[in-house]
Amino acid sequence: MKIKITLLFIMLLSVTLLLAQGTPSALQIIENVYRRAAPEDQQAELQMTLINSRGEERTRQIQQYLKAYSDMDKKIMFFKFPADVRNTTFMNWSYDDESKDDDQWIYLPALQKVKRISSDSKSDYFMGSDFTYDDLGERHPGEDTHRIIAEEMINGEECYVVESIPVDEDYMYSRTVTWIIKGKWIGLKKEFYDEDEELLKILTVKEYQNISSYWIVLNTEMHNVQKDHLTRIKLSKLQIDRGISDTQFTERMMRRGL
Amino acid sequence: MKSKPFSFLKYPVLNLVILTIISLFFFRMIKLHSRMETDLDKYMPQTHPAFVYSNLAEDIFNIRNGVIIAIENPAGIYNTTTLDKIKNLTRELGKMAEINKNDVTSLYTVDNIIGTEEGMDVKSFYKRSPGTPEKLADLRNNVRHNEMVFGRIVSDDETVSVIVASIDDDVFSQQFYRNILKLVESFEGPEKLYVAGTPIVEGTMAYLGPQDMKKMVPIVIVIITLVLLIVLRSVRNTIFTLLVVLFSTIWTFGLMAAVGIPIYAVSTMIPVMLIAIGVAYGIHLYSHLELHLRENPNDDKQIAITNMLKSMWKPVMMTSVTTAVGFLSLLTSEVYPIKYFGIFTAFGVMLAMVFSLVLIPSGIMVFGMPRRKSVKVLKQSSKSPVSFRLADTIVRYKILTPLLTAIIIVVALYGIGQIWINSSFLEKFEKDSDIVLTDQFINEHFGGTSTLNVIIESDKPNRLKQPDVLRAISRLQSDVEILSMVGNSFSLADYLQRMNKVMHADNDDYNIIPDSKELIAQYLLLYEMSGDPDNLWKVVDYQYSKANLTFQIKSDNSKVIKEVIARIENHRPDFEALNLKLNYAGSGYKALVFTDLILEGQIKSLVISLFIIIILLSVMFKKVWVGLIGSIPIILTALISFGVMGLLNIPLSTTTALLSSIAMGIGIDYAVHFIERYRIYAAETSDKTTTIRLTMQHSGRAITYNALVVIAGFLVLLFSVFPPNRQLGALVSLNMFTSFLGTLTIMLLLLAKSNLYFKTRKE
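In order, the protein sequences belong to chains L and W.
Okay, so the first sequence: first residue is 1 according to my numbering, each after it adds one.
Okay, so the second sequence: first residue is 1 according to my numbering, each after it adds one.
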């Protein structure tokens, strides 16, 4: 059971596996990242800051709840700030079955109606940020071919540098390069290249912590270098495995608000 | 007539060699360092508030000019191949180095905000071109029901669709244009494709004007050479007269290259000025020499030249100084290319003066006196010369001439009342040129190829999410769209109306701005979650404190744009009541402001130079009356020049306005030569009739030749394929003619009437 988390690259270390072997293969490194145990549910306050090329900032505060199920992940997000969108609620059910589109609802308090929204593809940007829906999910290791291109130290951590090239040639990125901390199996930095093989975005993990034996990323930044647009996401008041009720992810809760 | 020879004439060969070497040096400078400046933005004063504001707004909202490509299929665009072509052309355009792929807008790229039974959906109209009739019908239906696309991207009759590629101002080149045409051509058949848009119009104009000039100028020079040969009756004299013009032009452009000032479009007028003014020096000098030799056939070249210089250096110097001062008055302009034009033309005129006083005598010293058949001179004894009879005739029409002049002035003033300014680029092309026809075609089917941006601004963030503001914007849009030349408009209000309608099950009653500011904010959040927020940043800024309204206009004519602005201005009080500022932006608006600036500067400098010239003339001739009388040809020339433009509906533009400087430069030359001669003969003969006759024979003849040469040369431009160059040719010729006629008729009459230089004798 694995939970697909909005912005977090929650990773757990499988030390034993590493000790058993020498240098793992590129695929194994990615598998290690992919196959970690993760919390079953999580609630947190999320602050999203959007910064454009002129240095102007917009901030949103969101209360979010996540829960993993056997065949899907559910997520509900309540806007707390800005005031004019307070209690606007967004709910997403994402299915493990790749062929099945996500179900998404939005509740607009000013309209007092829950509406379904759909989006064309996973290459859409999430809430005007620099993250696509796909960036926020977890990509199955089998969807790319991987290769170790270097081993480097960043921020005092030894990292494998793994290049991943999608099997599907029409994928929105032509390739990605990820810096993965040896042993902790956290992606510390990731570069995304567009269809023309030009650097498009850089994801940087600013802060991560070991909480209840899970490695949890608390602070990330995605920089679209082509547009010079930046998104910062920061988690606070994090609570893990508190047994969030299934009824939290319903239209009724959307209408009720915070 | 004995006089000491001028010392520089001791080494005439050296003079010629030195001048030639320096000219070659400057020629090399031109070859190495000259560059053309074609980016129109570079012409505008960057510190002017209107430009500062517009540039800032263009930056915030990514307002740029678009290359517009229209695909026409008379059978309708909703078939798989046409849709495939739209998709593929969109992608191919995005791959061009000059175009950012995110800046290409077409039916393939635009968002379709649609209402579904349960909510809202933002998706593209198609990814893979629909293959079945049902899917094609679906697509057609989707477009028809989307006001943001129907009539904007797809024409109302569904036979044409446009692809717009926004580009930066400085990326347009002829190569780029050719590449686009080549790309577009490969998509032809059965569909027809058209390429238009402001970058194409501006770029082609910047290219076509100089290109046409390159073809025409050699012909102009050939004609001028031929006429010079006829009037000077000497190959040698013709060559040296032309060398004066050539050298001064080379030095002027060489100096521009050396100090790193690029060649602007107006700079191409410098040679025009120098030809018109420069040939005059040679003609006057040779004409004097010829007359002198008629009277003193036995003088050797040393004496003849010394006499020529002695009596001519002063008027030549005076004309060039007054002309140069006239051009220097352009320094008051706020537009740098015009300032440079003024400085360098003044420089060129002074050079032409120096060269004519050095090159021509040195040439005679080295190559000998011009050999002339003096047949005519011998025959003259029986009858009085033509010039004498002409002078007598002119003096006889004491009443008719002033009367006619007065009538002409009145008509000219009426014409000036009709004059209008046009900053349109499109109207500089032939009515039946491809560019104009394509533009018409697109304007018939869509909102318009020209745009005007209106920026609504508040000092508070989020103000643009308020219903009162959005309603005011919406009202402004629908009111201005009533104008027939306004195709459509686009703003944040359109997004909100569309979303409000879609969220209410596509009910048209909800195609309005919602009442609640929370709902507006929530719609916008929703749009950001489901659409491409980059589209939003073209109509509103990040903080929701500034909005950009785009009006699409079917013409770039200044009258039309001003009419639209006047209509918008009616709404200004509404916005001010809401504490909002209203400003304009975009390239069409900047062109409008720019043209006004140029004209304002031009008129200011005309008035200033007129005063300076009157003062200069008064000082040079030590009489205020001479200053006033001498300025008459200039005033007449300027009045008639503007008057004719008004009467013939030739709008004032950057080029035509500058032509009034020619009127100044040439008009003053004629007057100075004439008055100086008149003064000398008055002193020599003390008889007015003889003075007038002799002056007519001397200066009158030279002036006539001068006018003849330049008019003949510039009339050639009437055969140009580029309309602005035709106007240039016609107006230069006209100015030459009025200056010539004004000097020899009304000025002569007033000079005679005033009794200047005869006063003492009368008493």
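Simulated from the structure, these hints should not be mistaken for laboratory data.
Mixed in with the good hints, there may be bad ones.
Unchecked claim - Taking lysine to any residue pairs in the SDA-like style, the calculated list, with each CA pair at most 25 Å apart, reads:
1) L:K113 <-> L:D84
2) W:K310 <-> W:E295
3) W:K95 <-> L:D228
4) L:K227 <-> W:M96
5) L:K80 <-> W:P461
6) W:K95 <-> L:V225
7) W:K123 <-> L:V85
8) L:K227 <-> W:P385
9) W:K517 <-> L:V114
10) W:K123 <-> L:D102
11) L:K227 <-> W:G94
12) W:K127 <-> L:I117
13) L:K80 <-> W:V325
14) W:K101 <-> L:V225
15) W:K87 <-> L:E198
16) W:K501 <-> L:D84
17) W:K95 <-> L:K100
18) L:K80 <-> W:D111
19) W:K135 <-> L:I117
20) W:K101 <-> L:V114
21) W:K460 <-> L:A110
22) W:K538 <-> L:M48
23) W:K517 <-> L:Y133
24) L:K100 <-> W:Y126
25) L:K234 <-> W:K517
26) L:K206 <-> L:Q61
27) L:K227 <-> W:K517
28) W:K101 <-> L:I202
29) L:K227 <-> W:S433
30) L:K115 <-> W:N112
31) L:K227 <-> L:G257
32) L:K115 <-> W:P723
33) W:K538 <-> L:V177
34) L:K113 <-> W:K310
35) L:K227 <-> W:W537
36) W:K101 <-> L:Y133
37) W:K123 <-> L:Y133
38) L:K227 <-> W:E295
39) L:K227 <-> W:N62
Hints, one by one, checked against the model:
1. Distance check on the hinted pair: L:K113 and L:D84 sit about 16 Å apart at the alpha-carbon level, within 25 Å; holds.
2. At most 25 Å may separate the alpha-carbon atoms for a hinted pair to count; W:K310 and W:E295 meet this at roughly 17 Å.
3. Taking the CA atoms of W:K95 and L:D228, the gap is about 21 Å. The hint holds against a cut of 25 Å.
4. The hinted pair formed by L:K227 and W:M96 meets the criterion: a straight-line CA distance of about 18 Å does not exceed 25 Å.
5. About 18 Å separates the Cα atoms of L:K80 and W:P461, which keeps this hinted pair within 25 Å; it holds.
6. At most 25 Å may separate the alpha-carbon atoms for a hinted pair to count; W:K95 and L:V225 meet this at roughly 19 Å.
7. A hinted pair counts as satisfied when its Cα atoms are at most 25 Å apart, and W:K123 with L:V85 qualifies at roughly 23 Å.
8. Proposed proximity of L:K227 and W:P385 is contradicted: the alpha carbons are some 81 Å apart, above 25 Å.
9. With a CA separation close to 19 Å, the supplied pair W:K517 and L:V114 stays within the 25 Å bound.
10. For the hint pairing W:K123 with L:D102, the CA-to-CA distance comes to about 15 Å; that is within 25 Å, so the pair holds.
11. Straight-line distance between C-alpha atoms of L:K227 and W:G94 comes to about 16 Å, which keeps the hinted pair within the 25 Å bound.
12. Note on W:K127 and L:I117: the hinted pairing holds, with a Cα-Cα distance of about 19 Å set against a maximum of 25 Å.
13. Of the supplied pair hints, the one linking L:K80 and W:V325 is violated, its CA atoms being roughly 71 Å apart against a limit of 25 Å.
14. A C-alpha spacing of about 15 Å is found between W:K101 and L:V225, which places the hinted pair at or below 25 Å, so the restraint holds.
15. About 22 Å separates the Cα atoms of W:K87 and L:E198, which keeps this hinted pair within 25 Å; it holds.
16. With a C-alpha separation of about 20 Å, the suggested pair W:K501 and L:D84 falls inside the 25 Å cut-off, and the hint holds.
17. Between W:K95 and L:K100 the CA atoms are separated by roughly 33 Å; this puts the pair beyond 25 Å, and the hint is violated.
18. Distance check on the hinted pair: L:K80 and W:D111 sit about 29 Å apart at the alpha-carbon level, beyond 25 Å; violated.
19. The hinted pair formed by W:K135 and L:I117 meets the criterion: a straight-line CA distance of about 22 Å does not exceed 25 Å.
20. With a CA separation close to 36 Å, the supplied pair W:K101 and L:V114 exceeds the 25 Å bound.
21. Using a Cα cut-off of 25 Å, the hinted pair W:K460 and L:A110 holds, with the two alpha carbons roughly 23 Å apart.
22. For a cut-off of 25 Å, the pair hint linking W:K538 to L:M48 stands: about 22 Å separates their Cα positions.
23. For the given pair, W:K517 sits about 28 Å from L:Y133 by alpha-carbon distance, which is inconsistent with the 25 Å threshold.
24. A C-alpha spacing of about 20 Å is found between L:K100 and W:Y126, which places the hinted pair at or below 25 Å, so the restraint holds.
25. A hinted pair counts as satisfied when its Cα atoms are at most 25 Å apart, and L:K234 with W:K517 does not qualify at roughly 28 Å.
26. With a C-alpha separation of about 19 Å, the suggested pairing of L:K206 with L:Q61 holds against the 25 Å cut-off.
27. Using a Cα cut-off of 25 Å, the hinted pair L:K227 and W:K517 is violated, with the two alpha carbons roughly 30 Å apart.
28. The suggested pairing of W:K101 with L:I202 holds, with an alpha-carbon distance near 20 Å, which does not exceed 25 Å.
29. At roughly 39 Å between alpha-carbon atoms, L:K227 and W:S433 are farther apart than 25 Å, so this suggested pair is violated.
30. At most 25 Å may separate the alpha-carbon atoms for a hinted pair to count; L:K115 and W:N112 meet this at roughly 17 Å.
31. Distance restraint check for L:K227 and L:G257: the Cα-Cα separation of roughly 35 Å exceeds the 25 Å cut-off, and the hinted pair is therefore not satisfied.
32. Taking the CA atoms of L:K115 and W:P723, the gap is about 60 Å. The hint is violated against a cut of 25 Å.
33. About 33 Å separates the Cα atoms of W:K538 and L:V177, which puts this hinted pair outside 25 Å; it is violated.
34. Proposed proximity of L:K113 and W:K310 is contradicted: the alpha carbons are some 99 Å apart, above 25 Å.
35. Between L:K227 and W:W537, the direct Cα distance comes to roughly 12 Å. Compliance with the 25 Å bound is thereby established for this hinted pair.
36. Restraint check for W:K101 and L:Y133: satisfied, since their Cα atoms lie roughly 22 Å apart, inside the 25 Å limit.
37. With a CA separation close to 15 Å, the supplied pair W:K123 and L:Y133 stays within the 25 Å bound.
38. A distance of roughly 82 Å separates the Cα atoms of L:K227 and W:E295; the hinted pair therefore is violated under the 25 Å criterion.
39. In summary, the hint linking L:K227 to W:N62 is supported, as the alpha carbons are separated by about 12 Å, within the 25 Å threshold.
Hint violations for this structure: numbers 8, 13, 17, 18, 20, 23, 25, 27, 29, 31, 32, 33, 34, 38, all remaining hints satisfied.
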